[in-house]
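The two chains are supplied separately, each in an independent frame; assemble them into the complex guided by the hints.
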Amino acid sequence: MNQTLDVAAMEPTLELVTMSLGGHAFGVAVRQVHDILGPQPVAAVPLACEAVAGSINLRGRIVTVLDLAVVLGIDRQTDTSRALNVVVADDKELYALMVDNVGDVLTLQNRALEPLPPTFPAGWKAISNGIVKLADQLLLTLEPERILAAIKAQTSKQA
Amino acid sequence: MKDFLVETAEALAALDNDLVLLEAAPGDKGLISGIFRTLHTVKGTSGFLGLAKLGRVAHAGENVLGRLRDGTMTATPDVISAILHCVDAIKSIVTSIEASGGEGQQEYLALLQELDTLYETPAKAPNAEPMTPAVVPVSQNPETEAKPVAVTAPVAAEAPAKAEAPARADVASAAEPPRQRIEPAAAGQTIRVGIDLLETLMTSVSELVLTRNQLLQVLRGEKESAFAAPLQHLSLITSELQESVMKTRMQPIGNIWSTLPRLIRDLARDLGKKINLEMDGADTELDRQVLELIKDPLTHIIRNAADHGLEAPADRLATGKDETGRIRLNAFHEGGHIIVQISDDGRGLDVDRIRRKAIQNGLASEAEVATMSDAQVFRFILRPGFSTAAAVTAVSGRGVGMDVVRVNVEKIGGTLDLSSTPGRGACFTMKIPLTLAIVSALIVGSGGSRFAIPQISVVELVQSSNSGESRIQRIGDTAVLRLRERLLPLISLRHLLRFDSTTDARPDQVVIVIQAGALRFGLIVDQVYDTEEIVVKPVAPVLKGINVYSGNTILGDGSVCMIIDPNGVAQHLGQAALAVDEANAAGRIDDVQKSATGLQQLLLVRAGPGIRKAIPLDEIARLEEVDVGQICHSGGQMIVQYRDRLMSLVLASPDLLLRNTGPQPVLVFNEQPADTRNGSHLDRRPRHIGLVVDQILDITESKATIEIDYGRPDILGSAIVNGEATDIINVGYYLSRQETGTFDQGMYGSNLFAKTAENLPSSGAEFHNSESAIP
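From first to last, the protein sequence lines stand for chains A and B.
Position 56 of the first sequence, counting from 1, maps to 55 under numbering that gives the first Met the number 0, and the rest follow consecutively.
Position 206 of the second sequence, counting from 1, maps to 205 under numbering that gives the first Met the number 0, and the rest follow consecutively.
Incorrect hints may appear among the rest.
[Said to hold, decoys possible] To be clear about the criterion: a stretch of chain B counts as covered by chain A if any three or more of its residues have a C-beta under 8 Å from a C-beta of chain A, and this derived list gives those stretches:
hint, segment
1, 43–53
2, 554–567
[To be verified] Far from chain B, by Cβ distances over 10 Å, these chain A residues were calculated:
hint, residue
3, T12
4, S19
5, R30
6, D34
7, A42
8, V69
9, L105
10, R110
11, E113
12, P114
13, P120
14, G122
15, W123
16, K132
17, D135
Please keep in mind that the hints were generated in silico from the structure rather than gathered at the bench.
Glycine residues also receive a C-beta, built at the ideal position from the N, C-alpha and C atoms.
Chain B on its own, in the form it takes in the complex (with noise of 0.2 Å):
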């Protein structure tokens, strides 16, 4: 009974897809006699298992597939529809009896009146105008991929045919080589395990690791020792074995996919657009936990887009727009985290309506709207409350929506960012964490114990001095931490935890700057250890009240340790953390005044001989230096490992000699390639681009208005900077001169569960600039 459930649950989920392909190749006789087999085996098994109403169901469904193979009926969106509603119907059956044994209380009366009525009906018109979205799905998964065939006279033709001897159609089919779901070959390959089992593989196989490292311990003690040997392989083996419990965890995330197609073909039907779905790197592969979470934001999103974001056909036509609408999926990977874009073609964001909306909601003052940057009004869609649709649709717009997205892809430590061109479509872009199990953390010390932050929301690592350009600054008790011209909310680790209630006004301090949500804060606590990948472990149920941890794990020594959930700390600054977003808006919006005064933030730099350089501070991810000893020479290229990447050098002037050892300070501009349509997933990461300068003088801001235009590409001109002349560097130039990905393809991708050394706990001296800050 329970694989009956199970098999009849899966065939009906891979049903939805194979009748929306049909209804955009109404013709397609092997779809037909896919569809027509599973309804029969439905059928066929309830009869055995004695379950007479889903067997009237399927049989109801099967009689008008039956038709419809026989070519006595055309696959009309209705009729589509109909059988549609006979799967559901089925579903829903299923569902009651896997739930509580018995098939449930509704008749579906009306449903097999319907589909009786289809089958009794005599043949339509063939030539019944097929009104339907077209869905085509660009994914590699062998289901999806059943060749649409288009609708040809040769049906029509056929059809009284078949109808005459309904009976000869019957042989036929039995006769056909069936179009088997799963490849025989494959079918072989797969087992099903339950997931409890998985989880406990996985707890023996993280104990094994942790007792293979203590082994390793003890030998590194021994001079010479006959496990040596031994030892090194079981390492390995351990070590491979790690590796692949993890991959058990994967899947693609085209199976959270699978259900799009039906779900855009029923808005489009309900909402009377035509609507396209393209799908893109479907086979990319994340936690099966996380896929579970990030299936209903993705759904709104796409619910959302196809509402709101596309317009009516007759819209669409009257702007030059192909009539039929385009909601693109593309999932790819990017530096250990899965990205997810949601596009449309639609009209985009309505920029002076969310102005409006905004004002009237009370969110910001009309002056503040004002001064805000499009991008910045755009992200009010992700607050609670917010719904600029016109009309509430029983799709969507009932202005719950966006604001629960947003927090469901921040609770599983993901980020939600969206653009918009007005006309255009606009684009929501999901960056997920590759798996929940197992994150980077950062290893800290407060009050004797040691506590794990995650690393993605990590954003910087200060030592606050009492001269620096890091203070911590006190007003009464509550200490700021003034970090760039910026003003932090500051909480001690061990003031949260109530390690001691005393104010430690120690100017020297660790501070880590935290990014949860909206709001930047600094934590600062008493000792930085060191980064490890961690597998993150539910917290005991006696704990769950407790906000501050998101989980706890046990670090490579043996021992336990909580993980700190930097959304749970920044609750605890309450009220305060409130009253400081507010304030950092207001940051913000001082930084587009600035923009609008001509004042800029710029990096000032010697590179080779004559004056000095500078760049614009928002156009740099990050200042690194490299060793010099290090760069590789490739084709003419200078090449450098960064962060398991391969970074190409550039010096920022030809004439700059490089260093003979030590360390070269090196500027890293992450480059998002322009063109995103076409090419492999692989394409379509940033890349590191690193300026090699002689010296990074000092951070400036200014007005940089150009006095003096060489015609060089490679600056801009020459500019007076704090009254010195300097010369303003094009970074255009030099990230154009950089060919499409050639350096890194294939560096990635493997070593998804190799330790990474990225983000490894720096110097104040280093500074990091939150990548989504980079346009």
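In isolation and in its complexed conformation, chain A is listed as follows (with noise of 0.2 Å):
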């Protein structure tokens, strides 16, 4: 009956909170990240596998930090005392992950979104969703449960 919308916004669009890590662009998306802190005071874990930096309080929730940097293996380029926080949630449990820096929230049609290439490392293909190409750079999606299953994978394959 009612044929004259948009076409364009019929489109499924990806809205993603881009964020930068050892000179890397990643985005998650934004119905997916919780919160974004600055440089928190984080509590050691010990015993805790690598990519686990410790806990943070988020207004009186316990909160994992993820380095982001160990998951991916590349150095970060900021002192991890003064890195940012995404708090990402997984299933009512909160995360997050240390970044070197925030950046705009982009709004991206889904079909930009593509596969990442084959002859990228497996670590990076099991937690990341797609690549975007952006004008200077290009964007890696990142899937928070994904990375958690990748560092859950890691733990146990250390025990």
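Spelled out as structure tokens, the structure:
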């Protein structure tokens, strides 16, 4: 009946919070981002796997901080004490991704997302669901639940 | 639909109890009507919701109850069983609807037939012997406080008359004032709130408290502030709010006891025994979460008591006991914990059989077992794979059990103990924390981070030194702590958490002596900060695999802190732990041997003029120093505040003079009131009694053979201890002089949520005996 809707508006879009780490650009879907925090005092969790940087107190909730640099095996550009935290929710549990910097929110069309070329390391492919061509660089989209799955897999391998 | 399920589930839970009560009092019209009405409602609603199977089952049950109600049938155990089965069937259908939305596959044909047969059978002789196990709850719970009425002749007389006019009976029952399960007034005052909402509320309140604390911190920095008064007010309200939110988590233990009358009834029937279940302290409140976790252990112990503990009626009569066995449940508060006692008046534990079994199962050698005390032998039944039941019954005796119970109780930071008198019965005592959400914890530092250790596992704090009585000694790379001539395995928290791997050889270290299950060990930390009441939060799933932590928390200053799980640390001690455990066991045997040879640990003190005095060390709970200024005099008694309670003080010698100022040494004794049967639960906590002395001299091990007996009640006599004449104090005399707990009644209870100053970190000079060591 109602055919007057704009076709472009119907097209599924993707809103990404962009962040940078070690010179690379990453994006996480906006609906998965709970909070963005400045540098926080991080309490160490000894014996935890390497990717776990510690925990922080987010308004009475304890949030586990994950060091994305360790997960991806890259070097961060800022010191961890000055790192920003992108808090993401996974199944009601909150996790913070430690990154160098947080940028704008990008709105993209879903078709802009391309699968990762097969030449990427397995570790990257495991936590990313696609790549977006930006004007000056490439942006990797991250799936928080897949990051956690990767960390859990790592932990069990260590054990 | 959801409301229907919840309401039905609740109504059914109450039905079990009502039916058991009905069995005890088959003529209780009120009960029958109540049960009838519940089933009728279920039937009605299920018809309305189109649940055909549920309707059929409820209808069949209702038919039989109709018979009972108009007196054409008597509530014999068989009838009750059939109705109970009917209730079970309804329950399983309701569960199935809840889980899958369908009524399930089972058709309950046999049950329906059984109920229909009962319904169609002509009225049985009303004088059918009601061979029933009576279950009389002693609880204050209004739901179960229906007064059983004895079967009387009028029931029989009325029966035929009612049978002739069933229609009239229906009308009569409809006109009867409904026996509401919940008082109408109470119903309006209760609402259902989801657990999630309560948890959220709890988190918000914790955060509010932290913010309040930060504000107060800021305020302290200001000299004069317009915010002072409103902040004080805010602070007060916040505390009240926190307390109220905490209370929403608390539930009376009676909630999980409500299923027990039915359990006992079924057990009694299955085992052919007569069992009387008594419940006391059902209104004792504890955390919902803890309640859930002790449900299974509790049920298990009760099953065991009914099956193994109580004898068959014939055996009971033969030993001169009442035919009906008694299982008694008792719950009460004690020092920030809940004590749940499950006692029976059965045959008690068979020491010899446990000894034999322990040797058979290779748990101990014959020589070891022979030197163990009965209490030590009893503890074998808490070991894995140990069952002494001669015959495996359907109820229990398969050798999986008590150890699982113990592990489950220990998992929530509780302890399980047992005592038994041959022929008189056994008593299991569960000591469990009030709540898992808030625990008192010792905050320690290691490797620059802070960690919390649950206070319940901390036995004492020791500052080791080169020369003192607590020394760290090394053999190769292994360090052990010599503490009062006991060797304790040592583990460094730094080491454990892999902050560094070098072995710290300093002799002066802070060692926290921790009891985890049967194992006692020392944990070396860098610093001890403080005790704090912490809100335990579960760790994130990514960290679940690390068994050293039992959770995490946010401290008063807002920082996150991991909570150390003593049981997890014990596991890290691994194989070494087992070996030391054995050694400890051997050490205990050693103690027994010492007492067999008459050697005893004695505390030497000076009290008043005359020769020095000695007290057997194992009777003393703690050594404390009391500030003389804090001592109050009341009714000729000296009392002092001790650990949030009042402790009465007595002088160890009539000639002893108190110091004018400063600390006065006091030996603290725990007195367990002798009679635990009467009085309210408040009276049953052990009281502290302080014996005032002039000076604590030494601890020695000696044979205390009384050489001269003066015939004085306060002194057992004089003995030679370490080559010096010493009076041995008769502790029993001082304890018996104390009348029942008139000093501390009502002092407890209200301060469950208050910060307690209990177990403040202490210097190595003070020592704490574990309380359980006091007989």
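For this session: Classify the label on R110/A as holds or violated, using whether its beta-carbon is more than 10 Å from each beta-carbon of chain B.
Result: The assertion about R110/A holds, with a minimum of 34 Å to chain B.
Problem set entry | Check on S19/A being off the interface with chain B, judged by Cβ distance over 10 Å | The claim holds: S19/A sits with its nearest Cβ about 24 Å from chain B, beyond 10 Å.
Exercise. Are all C-beta atoms of chain B more than 10 Å from that of D135/A?
Worked result: The claim holds: D135/A sits with its nearest Cβ about 35 Å from chain B, beyond 10 Å.
For this session: Evaluate the condition: distance from the CB of D34/A to the nearest CB of chain B exceeds 10 Å.
Result: holds, 14 Å
For this session: Determine whether the non-interface label on T12/A survives the test: each CB of chain B must be over 10 Å from its CB.
Result: T12/A is indeed farther than 10 Å from all Cβ atoms of chain B, at 31 Å.
Exercise. Is P114/A truly not at the interface, in the sense that its beta carbon sits beyond 10 Å from all beta carbons of chain B?
Worked result: holds, 27 Å
Problem set entry | Verdict on chain A covering the segment 43–53 of chain B, criterion of 3 CB contacts below 8 Å | violated (count 0)
Exercise. Looking at V69/A again, its CB stays over 10 Å from all of chain B?
Worked result: holds, 13 Å
Problem set entry | 10 Å cut-off, C-beta based - L105/A kept clear of every residue in chain B | For L105/A, whose nearest Cβ neighbour in chain B is about 28 Å away, the distance exceeds 10 Å, so it holds.
Exercise. Closest CB-CB distance from R30/A to chain B, is it above 10 Å?
Worked result: Answer for R30/A: holds, closest chain B Cβ roughly 21 Å.
Exercise. Is it correct that the beta-carbon of K132/A has no partner in chain B closer than or equal to 10 Å?
Worked result: Label holds. Min Cβ-Cβ 33 Å, cutoff 10 Å.
Exercise. Can we confirm that no CB of chain B comes within 10 Å of the CB of E113/A?
Worked result: Non-interface label stands for E113/A: nearest chain B Cβ at 30 Å, farther than 10 Å.
Going down the numbered hints, you'll see the structure goes against 1, 7, while the others check out.
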